[in-house]
Each structure stands twice: as C-alpha cells, then as structure tokens.
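Asks: Here's the letter readout for the chains.
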Amino acid sequence: MTFFARLRSWWRATRHAARTESDMDAELRAHIETHTESLIASGVPPAQAHRRAEFEFGPLTNTMEACRDARAANLLPSLLQDLAFGLRMLRKSPGFAALSVVTLALGIGTTTAVFSLVNGVLLRALPYRDPGRLVYLFEPIPHITGVPLEAWGPFNADFYDYQAQSRSFTSLALFTTDGGNLSIDGNAVHANSSQVTGDFFQTLGVAPELGRALNPNDDRPGFEHVAVISHALWQSQFSADPHVVGKEVLLNAEPCRIIGVMPAGFAFPHGTESFETAEAGGRSTQIWVPLALSPKEKADRGEGPGYAIGRLKPSVTVARAQSEISAITNGFDKLHPPFFQGAKSVIRPFDLEVTGGSRRALLIFMAAVFLVLLIACGNIASLVLARMHGRNREFSLRTALGASRVRLIRQLSTESLCLAGAGGLFGVLAASLTVRLLIHFHPTNIPRLEETSIDLRVLLFALGACCAAVLLCGLFPAWSSSRVDINEVLKRSGSRAVRRSAAGLHRGLMIGQIALTFVLLAGSGLLIRSLLNLHAVDKGFRSSSTVSMSIGLDGRYNTPERQVAFFREVIERTSKLPGVETASASNHLPLGGGQSLGTVEVEGYPYDDKTLFEQREITPNYFATLAIPVIEGRPFTDADAINAQPTIIISRSFARKYFPGQSALGKKIHTTGHRIVVGVVGDVRQYSLETTPPMQFYLPLWQTGDSPAKVVARTNLPPDRLASEMRILVRNLDPAVAVADVRTGSDLVAAATADRRFETYLLTSFAGIALFLSLVGLYALMTYSVEQRTAEIGVRMALGAQPRSVLRLILRQGSTLAFAGIALGFACAWLAARSIASLLFQVKPTDASTFFAVAVLFCAVALAACYLPARRATRVDPMISLRTE
Amino acid sequence: MPDRLDLLQGTLDLLILKALSLSQLHGYGVLLRIQQISSDRLEIQQGSLYPALYRLEHQGLIASEWGESDNKRKAKYYRLTVAGRRQLRSEAEKWSQMAGLMASILSTTVEEI
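Chains A and B supply the protein sequences, listed in that same order. Quick note: the first sequence, position 354, residue 354 per the numbering used here, numbers continuous. Quick note: the second sequence, position 79, residue 79 per the numbering used here, numbers continuous.
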C-alpha cells in the first residue's frame, strides 16, 4: 500500500511539478513569516526578527532540495536532463556519434542476421513431432568406397528383419525419393514423389490437414492405388479444392485416388540434405504413394530402393539402438549376395543429419560474427575512451562543483544508452535487410534457409548484444573517468592528464581488435583463394549456351526398345528446332545431380570389384553438345544400336591407368556385355566441381535404354523458349509425359558453386566489416593520441623539428600498434586456420602467400588510417599549442 | 534553561507522528507542539522539519491540505492517515521496548550480574 502511496505522490509531484514547487515555496515562507511574527511578539526588534527567523530556519535552498528528494520529484526531470544533455553532447560531436552508431549497427546487425540464420536452421524445431527421437538407419558396405553413407538404404529383406526383430523403435518406415509424371485431367506435370511403407506418416508423427494419411492397409499389392498430396500441390494444381479427396489422378500412368492432403510445410523427404534431390529438381515432396512391395520383393537381400527412418522408444538411446541393430545385421549378413557381404548398420540422429553438412559452416560463421561483435564493442569502447579525453576537464569541473560520482556515472550511462539504443535500432534494421539478402542468395546447401526470419528470440539476442555493448562501452569509461583526480586535472589545465591505465587499456583494445580482424581477413583470404581456384578448375566440358531438362518415362515404356524409340524421336525432333545446334540425352548430366557407379572387367586385368567407375549412358551427339574433347577414336553414332557390336568410350584417366603407353582403341571391357573401346574422351567433373573426377566410361544409350533421362541441347535460345517448344514436342509424342527441371548450363555450374560462393561472400563481408571497424578504431586512437601530444609536438617543432620527423613520429607510434596486432593475429590465424580446412579447396589452411598478402594489405590500410592524424600533427602551430599550456 | 538534547537519528518522524496524532497542524504548529510536549528540551533545526514532513506524506503516513491559520494566513495542514496511526502505534511500542531495555542495561550494577 505504501508503494502505491509513494507512486501516487511521485506522480503528483512530477505531474504538477510547478504547483508542487510553488506550494513548497509558499509553505516554507509562511513558516518563516509566522516565526518572525512570534519573535516580534516575544520582543525581538522587527528589524532583526526576520533575519533571525531565517537563520533559525537554516539554509533554505538545502531544505528545498531535501524536500524535493523526499518526494523523488527530481528523478524524472534529472533523467530527462541527462538524456537531453547526452543527446546534446552527441550532437556536438556528430562524427563520434555517427561512427559509434554505425559501429554498433554493424556489430548488432550482423550478429542478429547470422543468429537468425543459425536459429532458423539449427535451433528451430523441425516440423515433426518430437524430432529428437527420429533416426535414420543406414546400411553401408565398407568395402565399397566412394559412396556416401546417406546413399545406403537397407536391403528390403534386411529392413523387414529390423522391423520384426528390433525392440528399440516404436516404428520404422522405408521411403524413396523419386520424380514422376503426374497427370491431372489429361494434363501432365512433373511431381516429386515418394513411395513409402505403411508406418511412414506415423513415424514422422504428422497428421494430414484433409482426409487421411497412408496406413499399413494401403501398403499391400492391390491396395496401393491411393495417394496423399502436399499442401503446395493441392494449392497449385487443385486450386485448394476442399473436395479433392476421392479425386482420381494418374501417377506414371498408374491410376490413384487422392485420400489426403498434408499440412503446409510438410515436404519430407525431398529437400532433405542427405538425399539426392537435385535430380528431381525440387526441394519438396509433392505426392506420397504406398511402396506396396510384393512378398518376393520383401525377401530380396540384393535390392533396396528405399531409405529407412525410425522413431526411437522414449527410453532408448541411439547407442542402445545401434548395438541392437548391429547384432541383427550380423545375424543375416551371410545371407547377402557375396558382393554385399560385410554390411554394417549405422543409426544417425535425424536432426543431426538434416543440418549435418551446414552445421560446421554455420558454427564457423557464428564464431566469425562473434569476432565482429567483439571488434565492434572494442571499437566503440576506444571511441568512447578517446572522447572522454576531451571531456576530462568537463568532468573535473562538474566534480569540483559538487556532482557526485553516482551522478557522473548515471550521466555517462545515459549517453551510452542513447548510443546503444540508436545502434540497436539501426542494427535490427540492418539485420532484417541482411536476412533478406541472405535468403535472396539462397545457397542450395543450407536446408530450411527459406524459413529464416527475424523472430522474438533473435530480437532478444540483439538486445542482449546491445546490453553487452552498453556495458562494455558505457560503464568502463564511466568508472575510469569518474575516478579522475580533480586536482591533477585542474592543475594541469586539463589537456594532458594522462591516465596510464586507460591509455594502456586503449592500446590493448586496439591490438586485440587488429589481431581479431587479421584472423577474419586471413580466413576470408583463404576462402577467396579457394573460390578462385574453383572457378579456374577445368570442368572438362563447356556449360555455356546449353539448356537441359529431364523427361521421365513410366511403366508403359517397359522395354529398352520402347524407351530408345521414344528418346530417338525426341532427340531427332529437338535437333530440328530452329536455333538448336545439337541435342543429345544422357542418364545424368555433369553437375546436374545424380550419380551412377559401376564396376568393369578390363581385358588383361583381373576383375576388381573394389574400384568404382562413373558410368554414363549417352546419345551420339553428347560430346559435341557439351564440348567434351574426343582425344582418340570416335564418339558414338546412331549405328551403335541394340543389335550392333556393343561399344564403350572411356575417359583419359581410365585409358592412362589401364592402357599406359598404348592406344586403348579396340580393347575389350566387360560391363553389361563384352564391349569394344571405340573412343577416349577428356575427364569431366560430373558430380562435384571440387573433387578430382574418378575414372569414367560411357555406354551408348541406344544399346542400354534407360529412364529417366536428361535431354541437353546446345542452343542460343532463351531457356523458356526452348522449354515451351519442348513441351509441345513431347506432348505431341505422349501427352502423359512431362518436361521438368529446365535449366541452363550456367545455372548448373552456379548451383554447384553456390554454397562456396555464399560462404566466401559471407566471411568476406565479415572481414570487410571487421577491417572497416578496426580502421575506424585505429583512426580514433591516433587522433586521440595526437591531441594528447599536441603540446609535446608544439615543443618539438618550436625546437626545430621538421614536419617530416613529426609525421614519422606519429606513424611510428601507429605502425607499432598495427604490427603488434598483426603479429598476434598472424599467430592466432595460423593456429585457427585448421578449423576451416574443410571449407577450403586446393589451398592449405596455412597458405603462406595468403597470410603475407593479408598482412601487407592490412599494413597498408593501417598506415593510411594513421596518416590523417599524423598529417594533422604536422600542422600543429607551436605558438598556439604552447600558449594553451 | 534546562539542558537541550540533540535529536536521535530517526526520532523526528516519530515525534511528528505523535504531534499530529493529537490534532491536525501546520508545519510551524508541529514545531511548537513538539517543543511544547517536550518542555522545550529538544533541539530541532527548523528547516529539517519539512523534508521529514514531505517524506512522511510521500510514504502515505500523513496527508495534507491547505487551510487558514489562526493569524489569517494560508497554511498547509497535516493530519495522520490510518496507515500513519498504525505506524505510530508500532513505532511507539518498539521505542518503549528499546528504551526499557536500554534503561535496564544501563542501570545494571556489579551485584546483579
């Protein structure tokens, strides 16, 4: 209750400040007058009575001040006064204010943006029920190298053994990532599809928003003609029709009935980093159908089209599930075909797998951005320290006039809060801009990036960063400058009261800042070198002026003859389109995602099942279309057909390894038939630009027949034009077949380098910001130091020092700092570089030339930052500087 | 003239509350009343009275309103609030306990130990 009374009283006193004041005045005067009268009444002469009354009352102004304090009436006015004074002081030095706000905005802005990114990708919950209990189950075969772990789904029979024997899971499901032709009312589109077993939706724990999900009853041969569609597909192809459930569509020419629609945001498994998705050309699954394996397929231990996901029981750890599963694997391993024996099983937490590859990069960015924040805070601290120097006299004077230390600290904190508030505001603005930019660049390898947005947690983080900045920047100078020795300062007329501890701290801050900046610069230098190396790498093909698209065939094309006939027709008609130079097809395009590996038996060598070759099936004009050099022999022709002599073309590294010093032409190689080598072509970076291509061989598509296939044309037509021509062309051939994933060759290369470019740009911008901040800091420090030494410089010049020697004096001071910082940074960067080794391409983490280039660059700009204050020092007028002494 | 005592720390508030418990008074009246009931034996710095009055009002223990004094002057009259009366009771009790305790401690002789 007394709290409310106080609040009311304070409010009244504050709100009616003028009346309260005049009331108090009247009351106190009335007291003195009454006392005067009573003194007169008691016989004191009237002339003396008033003075005596005033004397007995005591000092009036002190009483009034004490009365105001008693009602806390002063609190708000003095805060407002502080604020107004703080703003006025900032306005008086706009350069300082602008630099500080920019520093804070950059520091807080980048921190918030990258935290948003990390928050969006790493911390925000996945859109599944209790995702922490979801695990993948992989079944790698260690002796087959070169295949990533994520490509190893379990064999069918193995999966059903796990499902039957394991006690660790509440449920286990298989799923595939496919693409197919979805025909709705006679109109064919490409759709990302997934075949799943009955427990799939239950395992993920997501319920449909409309209709029902697939259940084990649907997962039986004969009952599998049902489908669940995604929210996005429902909206784009069915105009969000609420009666879509029960509608019949054709998926790969098979009829199926839509039974449910999944909620927005659910698009598993496409778009999940672990799986091959670029091939399907989409980041989200659009339609789910039952896998419905037959009993014969279920018993197969050599086939496994699906990947396995499971939900652990609440009490079961990953380690326990792993040991149980390993025991089961050991039990049936000898039943595998000999080639697949020795299989292991690996359980991986789902959330780790989803963000796995990008986690490391993101953590490195977090570290980088934390460094930037540190530099920004150190910077603003040195700016404030430098400014305090100019205000020593002000503070001494105020202390001498009776301002308490608390009052000074409050004043300084208010000023810092003004700064931090403005910096925080601009920081959040900068952050939201940066996040938008990051999403715009949209590197392909950061899953769920598009879900990034500034949210409450990020805002809190920004505020935390803000408060840290305020604490660091505001309170330390407040504390150290309120310890000013008044006598000392006033005696020395203010300008040269050097506080050794503050100066030392200031220099220490600067060296630390320079060192941190050097670390960032060195890191980005290494990344830039990597990116340049990557751009300069010989891809082995020419991507410009090509347009590619995928065309998938369905079960009606169930013989190689039918597939070959279809594609022959497509290629022939495409080649005749105006503006098309050549056209060809392949099962996979370089950098187009997708991989097929095979083993071969080479004439004169024993069969080696450990060496995997990249295998491509191509049509005759493939090498011409992609400008892959034919080194020896000939490319395939239409004559390499089904009934003709089986032929093969091998890559240069293949030929060198197996046929050194002799021609490979005419040699015999056994793979899907005994084939004769008819040509040798250059090595092509098929799968990734960053890895040296393995040995490769090509088979004529006309002999093997394959589906789905990519069609690629060398043309100068805009991709959209070609795509619409192709759509018409394909529809004329078969209206149920869709053209999907239209991309230019440059798009494919850009996508293959997107993540590296993103990482490089990001780290380089951090380094740029850090460089800018440290230069500002160095400039502020040098300006401060020159001001401090004005008198000394004046004396030197009066005694005959030349401007050049003064310039040298100041530059030497600045470069000593810079060199100390660079040396420290060099050492730190050398030690820290190993942690980004995985992000580098053809550069050693401790690449000496990069380090030295960065050091030289840094020295040059640091000297430039010192030069301006040094120039100012040479213009010191000895007369003026000595007179102010 | 009897010896005049300096005010003990914190007792002014209690004295003001006591003075106001008898009747409502203006500031000068409070001073006179305290001098009167203490038989002029307490030395109060006149100016120090007002911060104390303001503090008590701020705490809601006393309330004030403007009125007219005996000599036809505008004066601000203070009176005790309910909270003030309660405060006076508990403070007075504490004070007399303390005083009794102090008195008995100070009057202790060697024999009594």
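There may be inaccurate statements among the hints.
[As the list claims (entries may be wrong)] If we take Cβ atoms under 8 Å as the criterion, some of the chain A residues that face chain B in the derived model are:
| id | residue |
| --- | --- |
| 1 | E27 |
| 2 | T34 |
| 3 | H35 |
| 4 | T36 |
| 5 | E56 |
[Stated by the list, open to error] If you want a taste of the chain A side facing chain B, the calculated C-beta under 7 Å gives, among others:
| id | residue |
| --- | --- |
| 6 | F3 |
| 7 | R6 |
| 8 | S9 |
| 9 | W11 |
| 10 | T61 |
| 11 | T63 |
| 12 | A70 |
| 13 | R71 |
| 14 | P142 |
| 15 | A253 |
| 16 | P255 |
[What the hints assert, rightly or not] If you anchor each label on the Cβ, the simulated ranges turn out as follows:
| id | chain 1 | residue 1 | chain 2 | residue 2 | range |
| --- | --- | --- | --- | --- | --- |
| 17 | A | P94 | B | K94 | 53 to 61 Å |
| 18 | A | R19 | B | S21 | 24 to 32 Å |
| 19 | B | K94 | A | R91 | 52 to 60 Å |
| 20 | A | P94 | B | R85 | 57 to 65 Å |
| 21 | A | A26 | B | L14 | 21 to 29 Å |
| 22 | B | D40 | A | R19 | 54 to 62 Å |
| 23 | A | E56 | B | K94 | 27 to 35 Å |
| 24 | A | R19 | B | I37 | 27 to 35 Å |
| 25 | A | R29 | B | T11 | 25 to 33 Å |
Read the hints as simulated data drawn from the structure, not as lab findings. We put the beta carbon where it would ideally sit given N, CA and C, even for glycine.
Asks: Decide, hint by hint, whether the structure agrees.
Replies: So, going through the hints one by one against the coordinates:
| no. | hint | in the structure |
| --- | --- | --- |
| 1 | E27 | holds, 5 Å |
| 2 | T34 | holds, 5 Å |
| 3 | H35 | holds, 7 Å |
| 4 | T36 | violated, 11 Å |
| 5 | E56 | holds, 6 Å |
| 6 | F3 | violated, 9 Å |
| 7 | R6 | holds, 6 Å |
| 8 | S9 | holds, 5 Å |
| 9 | W11 | violated, 11 Å |
| 10 | T61 | violated, 10 Å |
| 11 | T63 | holds, 4 Å |
| 12 | A70 | holds, 4 Å |
| 13 | R71 | holds, 5 Å |
| 14 | P142 | violated, 80 Å |
| 15 | A253 | violated, 86 Å |
| 16 | P255 | violated, 83 Å |
| 17 | A:P94 <-> B:K94: 53 to 61 Å | holds, 59 Å |
| 18 | A:R19 <-> B:S21: 24 to 32 Å | holds, 29 Å |
| 19 | B:K94 <-> A:R91: 52 to 60 Å | holds, 54 Å |
| 20 | A:P94 <-> B:R85: 57 to 65 Å | holds, 59 Å |
| 21 | A:A26 <-> B:L14: 21 to 29 Å | holds, 27 Å |
| 22 | B:D40 <-> A:R19: 54 to 62 Å | violated, 36 Å |
| 23 | A:E56 <-> B:K94: 27 to 35 Å | holds, 32 Å |
| 24 | A:R19 <-> B:I37: 27 to 35 Å | holds, 33 Å |
| 25 | A:R29 <-> B:T11: 25 to 33 Å | holds, 27 Å |
Hint compliance for this structure: hints 4, 6, 9, 10, 14, 15, 16 and 22 are broken, all remaining hints hold.
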